[in-house]
Amino acid sequence: QTVVTQEPSLTVSPGGTVTLTCASSTGAVTRNNHPNWFQQKAGQPPRPLIYDTINKHSWTPARFSGSLLGGKAALTLSGVQPEDEADYYCLLFYGGAQRVFGGGTKLTVL
Amino acid sequence: EVQVVESGGDLVQPGGSLRLSCAASGLTVSSDVWNWVRQAPGKGLEWVSVIYSEGRTHNADSVKGRFAISRDSSKNTLYLQMSSLRAEDTAIYYCARDADWGYDYWGQGTLVTVSS
Chain C
625 QTVVTQEPSL
635 TVSPGGTVTL
645 TCASSTGAVT
655 RNNHPNWFQQ
665 KAGQPPRPLI
675 YDTINKHSWT
685 PARFSGSLLG
695 GKAALTLSGV
705 QPEDEADYYC
715 LLFYGGAQRV
725 FGGGTKLTVL
Chain F
8 EVQVVESGGD
18 LVQPGGSLRL
28 SCAASGLTVS
38 SDVWNWVRQA
48 PGKGLEWVSV
58 IYSEGRTHNA
68 DSVKGRFAIS
78 RDSSKNTLYL
88 QMSSLRAEDT
98 AIYYCARDAD
108 WGYDYWGQGT
118 LVTVSS
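Top to bottom, those sequences are chains C and F.
For what it's worth, the working numbering labels the leading residue of the first sequence as 625, then goes sequentially.
For what it's worth, the working numbering labels the leading residue of the second sequence as 8, then goes sequentially.
These aren't lab readings, by the way, just hints derived from the structure by calculation.
C-beta: ideal position from N, C-alpha, C; glycine also.
Warning: the hint list may mix true and false statements.
Just some of the chain C residues that point at chain F, by a computed CB distance under 8 Å [unchecked claim]:
1. H681
2. F717
3. A721
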């Protein structure tokens, strides 16, 4: 069974920079896993932020960026705002049509 | 304007069945890749099922043999037929479009509760 692992929680100061990562139990995450990143606030559906590793949706704020870092997918928030406090999930695509979400990272802005 | 609306969630007894619907406007269900994703109370997201534009489908192991994804082009609606429901199937069920390796449009979700 494929497992996708994220940091359970992270804390960042307003205006700071933080990087969230997404690792795969099958090995290094590559562009062939087409990483997606989502933000979710309480009582709301997930909001897509990044798709296919680095691409932003038209509604994604410029301070969010996606990349590959040390064999993992990464989401970097630069100039963090208080409203960025939320849960963040990554999604990886695998062969055979399988898709797996990470367990999520709870980001606290403090 | 794009709109995705799920419906059909309900309280159902263990072993029971339920069909969820996902109506799309501004998007075409039959020409895109569509998914069902669920979220148990207080838990993370779990991918459930996908249907491709050519009709091929695939399910997560946790629901294989019990859930079936389908669509009705004339109604521009996606479905999830769920049977042999278990307590662990209790969750909010979302439908989401997958375009160019990105899940872009999601509905607000519909709640399924499996309990006696």
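Status of each hint after checking the structure:
Hint on H681 of chain C holds. Least Cβ distance to chain F is approximately 6 Å, under the 8 Å limit. Satisfaction of the interface hint for F717 of chain C is found here, the shortest Cβ-Cβ separation to chain F being roughly 7 Å, below the 8 Å cut-off. Because the closest C-beta pair between A721 of chain C and chain F is about 4 Å apart, less than 8 Å, the hint holds.
In this structure, none of the earlier numbered hints is contradicted; all agree with it.
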